[in-house]
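Peer 1: For chain A, the structure is supplied; the task is to place chain B on it using the hints.
If you're matching them up, the sequences are chains A and B in order.
Position one of the first sequence corresponds to residue 1 (my numbering), numbered consecutively onward.
Position one of the second sequence corresponds to residue 1 (my numbering), numbered consecutively onward.
Hint data in this document are derived by calculation from the structure and do not stem from the laboratory.
Fair warning: there could be bad hints in the mix.
[Unchecked claim] Per label pair, the in silico range of CB-to-CB distance:
no.	chain 1	residue 1	chain 2	residue 2	range
1	A	Asp263	B	Leu130	51 to 59 Å
2	A	Glu411	B	Val11	50 to 58 Å
3	A	Thr31	B	Pro116	53 to 61 Å
4	B	Asn186	A	Pro206	52 to 60 Å
5	B	Leu123	A	Phe390	32 to 40 Å
6	A	Gly429	B	Lys118	43 to 51 Å
7	A	Thr424	B	Ile178	47 to 55 Å
8	A	Pro165	B	Gly145	56 to 64 Å
9	A	Phe390	B	Asn6	57 to 65 Å
10	B	Gly145	A	Lys298	39 to 47 Å
[Unchecked claim] Straight-line C-alpha distance at most 30 Å; calculated DSBU-like pairs for lysine-lysine:
no.	chain 1	residue 1	chain 2	residue 2
11	A	Lys162	A	Lys204
12	A	Lys471	B	Lys108
13	A	Lys427	B	Lys40
14	A	Lys456	B	Lys108
15	A	Lys472	B	Lys226
16	B	Lys14	A	Lys471
17	B	Lys118	B	Lys136
18	B	Lys40	A	Lys456
19	A	Lys80	A	Lys369
20	B	Lys100	A	Lys456
21	A	Lys456	B	Lys18
22	B	Lys118	A	Lys456
23	A	Lys472	B	Lys118
24	A	Lys471	B	Lys100
25	A	Lys427	B	Lys108
26	A	Lys427	B	Lys14
27	B	Lys226	B	Lys18
28	A	Lys427	B	Lys100
29	B	Lys18	B	Lys40
30	B	Lys108	B	Lys190
31	B	Lys100	A	Lys472
32	A	Lys471	B	Lys118
We put the beta carbon where it would ideally sit given N, CA and C, even for glycine.
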Amino acid sequence: MSNKYTEDDLREELKTKEYEYGFYTDIESDTFPVGLNEDVVKAISLKKGEPQWMTDWRLEAFRAWKGMIEPEWANVSYVKPDFQAISYYSAPNTKPKYDSLDEVDPELLATFDKLGISLDEQKMLSGVAMDVVIDSVSVATTFKKTLGEKGIIFCSISEAIKEHPELVRKYIGTVVPQRDNFYAALNSAVFSDGSFCYIPKGVKCPMELSTYFRINQAGTGQFERTLVIADEDSYVSYLEGCTAPSRDENQLHAAVVELIALDGAEIKYSTVQNWFPGNAEGKGGVYNFVTKRGICEKNAKISWTQVETGSAITWKYPSCILKGDNSVGEFYSIAVTNNFQQADTGTKMIHLGKNTKSTIISKGISAGKSQNSYRGLVKISPNADNARNFSQCDSLLMGNECGAHTFPYIEAKNKTAKVEHEATTSKIGEDQIFYCNQRGIDTEKAIALIVNGFSKDVLNKLPMEFAVEAKKLLEISLEGSVG
Amino acid sequence: MLKIENLHASVNDKSILKGINLEIKAGEVHAIMGPNGSGKSTLASVVAGKEDYEVTQGKITFNGENIEDLAAEERAHKGIFLSFQYPIEIPGVSVTNFMKTAINETRKAQGLEEMPAKEMLKLIREKSELLEIDRKFLSRSLNEGFSGGEKKRNEIFQMAMLEPKLAILDETDSGLDIDALRIVANGVNKLKSADNATLVITHYQRLLDYIVPDFVHVLYDGRIVKSGGKELAHELEEKGYDWIREEINA
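Chain B on its own, in the form it takes in the complex:
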């Protein structure tokens, strides 16, 4: 589904990604772990198409198509979803209105008619029940005054509504207590299918107890320096990132 080859990217002429290779197939869950500043969030932003980042080398293909020249919204229309580490606020725009706009813009791009209001309401009811979200929450202004947990649940709700092919969860566990973490992880697990894929980006192993990855990659200084199964996450948790550093320098 997603294939990243020798990806180099920089921001303000500072090189951050230095040759990433990664392939994610449908039905798989991948985790990328790494210390602060290793380039995890940059990787997520580059795949989503954030304009501040310049791809200097390599390529990203999504379902066989080179997506380098696609705008962020066009990538979204193709089924790439990013759950933000810090979701932004839009005062005066309700979660429902925002989702309605997002869904209809995506449908428009796909040459479909707007979703009838009745169908939209049904979808909202279905997904909010699936994720145990109080519907009163959906009439509040997007992320305005939301707690950390509410913001992350709202991200997962949007993911459920948009039904992406590839979901990238950027530090979804940050700022969550253990109960909120469990709810969010449950949501992600419920949305998993054989047709979609998930890329979990995290600093800590904790989240991976709930969202169990098929593959774990360690990102260090802009490169994937180690890949393995879920046990790699536990090993990292025990030995810390110093272990990786020593291994690389050895």
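With the rest of the complex left out, here is chain A:
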């Protein structure tokens, strides 16, 4: 091994990194022809056996979407998807739910093995109940009984629409309305599946609820819809993790996640996202246009924690509406971009209630020719007496061709508000690497050490088993294979 290791080498090495989870599972599927119109929306609803109110709700969203234009304010550039060239429904043929893993398509299980997240292991080791979403339809749900005993509902949103229509109807679209934005409207019209979770009053959910998302079918857009309702004084920790197979054409993903934390409730929502980021030339990769938002009633708390290493383009702002007095919103984020990836991500903290508090910790890591932007809004409304916000946005750069940008917006309309913002930008220096080398730590390990140190404040917020996976992802995303 040569002792010359410059930033040029580092850049080379990052370029040659291959997407580790690039494989494709061939499960016979039931896919709609491409195109979108009212008939397609109705057909999706029919296929899923939905009640009329749901079909109408979708159609309302579709009509709104037709009149909207794709937003262009984000600091990303890409060829806009042709929405008529996408198939809006694709489901594995194996529709029935399974009682045991033995009944699950072995090829699907093999896929999970490759990802290192075998259900067996998950079930036994971490006590995580999994609602696995592959190509839009849930195919395996576990631990349902244990949860059922506490009155917790954790199922696919399709199932919830049929079995708990009163809950879905009451809450869907209350945090992210159908016409909220272009992608949210599209999602509302065509969402194929997703997860639903309800925690009854006073119940602390005894285990982490976890969903693994996969995009698996060529040319299939994926439109997940997630609704989490934590009733008064309840608690839930929800994990969302994603990987996707390698693809040449861009794959569109436009999800909507709505969180409702009623009085005194707490929701912790953690995401590890590792979708195909495109190859070293910037070809392919997932377009990730997500709307995630939660509402906090009195004394409620919502924490968003995310580790984003994937996607060609990320457009994502998990937000909190702090409606109730004394409610708390938190946002902890690590966003890694490499090669030609572009990320425009951040959060919105909307302070409506008195004594509301929010914390934003954002860590952006850019390498290759990527662009990494933090965009955040802290809004203090006139009635939000004594609102507090603390924001910290740190950027770490590797090489000279990437970019880090910070767009903090602050609107304070109450004089008692206190808003603090701190931002830093640093670079992994050759001096830092040499110092580590001199102590016997090779360059690959040194970068991992420095990146993990930089991300520590956020990694610490993840549940233990998720943190391990997140660290692994950070290393995969940034290290490549040093000889």
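Peer 2: For chain B alone, kept in the frame of chain A given last:
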């Protein structure tokens, strides 16, 4: 242990070392003194394997092995340690975590298993007591917000943990008050043995009152122009570097 023969090195095509000869044996303490810009820190960096420097001529052998083609970390694995003049910061990485990584990477390179946590803790306790270091200090981020004295003590602590064969102390006295200097020097002296060697690089004689060298070399314009015993350091302190300059030009 370390043998440097006719070493020439340059950075960005600027020649800095112009034919260094130096041999250091186990159990010895050598001091290299010289005015600013004479090449002292360059010599330390070249021996440690810093990539910015190009060796244009000559060779460096360590325990009989030519180390020219070895990466910095491989030299470290063989027992070369450099105490930095300006130790760098790594935010979010504690001193303990950094040392754990360094020790285990070195063990891995030597084909050994990772050090068990219990043993690691014992080693940390032992070495921090030896060097009178408050263990709270070890959970702080590496060098972040450390005072000049703390940074240098931390370097010596790392040296104690890694137990190198050859320790190069690059201007370890710079930025230290007399108390900090005494503590650091005491640490170095405690770590001295018949099996290891120390190379002290300094501008001032002051440090050599505490770390007493067996040999003193004067580096001037990329060459060792004078060598002698510890008394040479005192002579330099009295007469200044002008004396050397005059002697060379004479």
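Peer 1: Has the given pair, B:Lys108 with B:Lys190, been kept, meaning a C-alpha gap of at most 30 Å?
Peer 2: holds (27 Å)
Peer 1: Is the distance from the Cβ of B:Gly145 to the Cβ of A:Lys298 consistent with 39 to 47 Å?
Peer 2: Because 40 Å falls inside the window, the suggested range holds.
Peer 1: Hey, A:Lys427 versus B:Lys100, does the alpha-carbon distance stay inside 30 Å?
Peer 2: holds (24 Å)
Peer 1: Given the hint that B:Lys100 pairs with A:Lys472, test it: the Cα-Cα distance must not exceed 30 Å.
Peer 2: holds (19 Å)
Peer 1: Does 53 to 61 Å hold as the CB distance between A:Thr31 and B:Pro116, or does it fail?
Peer 2: Hint holds: Cβ distance 54 Å, inside 53 to 61 Å.
Peer 1: Is it true that A:Phe390 and B:Asn6 lie within 57 to 65 Å of each other by Cβ?
Peer 2: Check passed, 60 Å falls within 57 to 65 Å.
Peer 1: Does A:Lys427 pair with B:Lys14 here, judged by a C-alpha cut-off of 30 Å?
Peer 2: Holds: A:Lys427 and B:Lys14 sit about 27 Å apart, inside 30 Å.
Peer 1: A:Lys456 and B:Lys108 were given as a pair; does the straight-line alpha-carbon distance stay at or below 30 Å?
Peer 2: holds (25 Å)
Peer 1: With the threshold set at 30 Å, check whether the alpha-carbon distance from A:Lys427 to B:Lys40 stays at or below it.
Peer 2: Holds. A:Lys427 to B:Lys40 sits at ~28 Å (cutoff 30 Å).
Peer 1: How does the Cβ-Cβ distance of B:Leu123 and A:Phe390 compare with 32 to 40 Å: does it lie in that range?
Peer 2: Given about 39 Å between the Cβ atoms, the range holds.
Peer 1: Can you confirm whether the C-alpha distance between A:Lys456 and B:Lys18 stays at or below 30 Å?
Peer 2: violated (46 Å)
Peer 1: Given the hint that B:Lys40 pairs with A:Lys456, does the C-alpha gap stay at or below 30 Å?
Peer 2: Measuring from Cα to Cα gives roughly 37 Å; hence the hint is violated.
Comparing the model with each numbered hint stated earlier shows that hints 6, 7, 15, 16, 18 and 21 do not hold.
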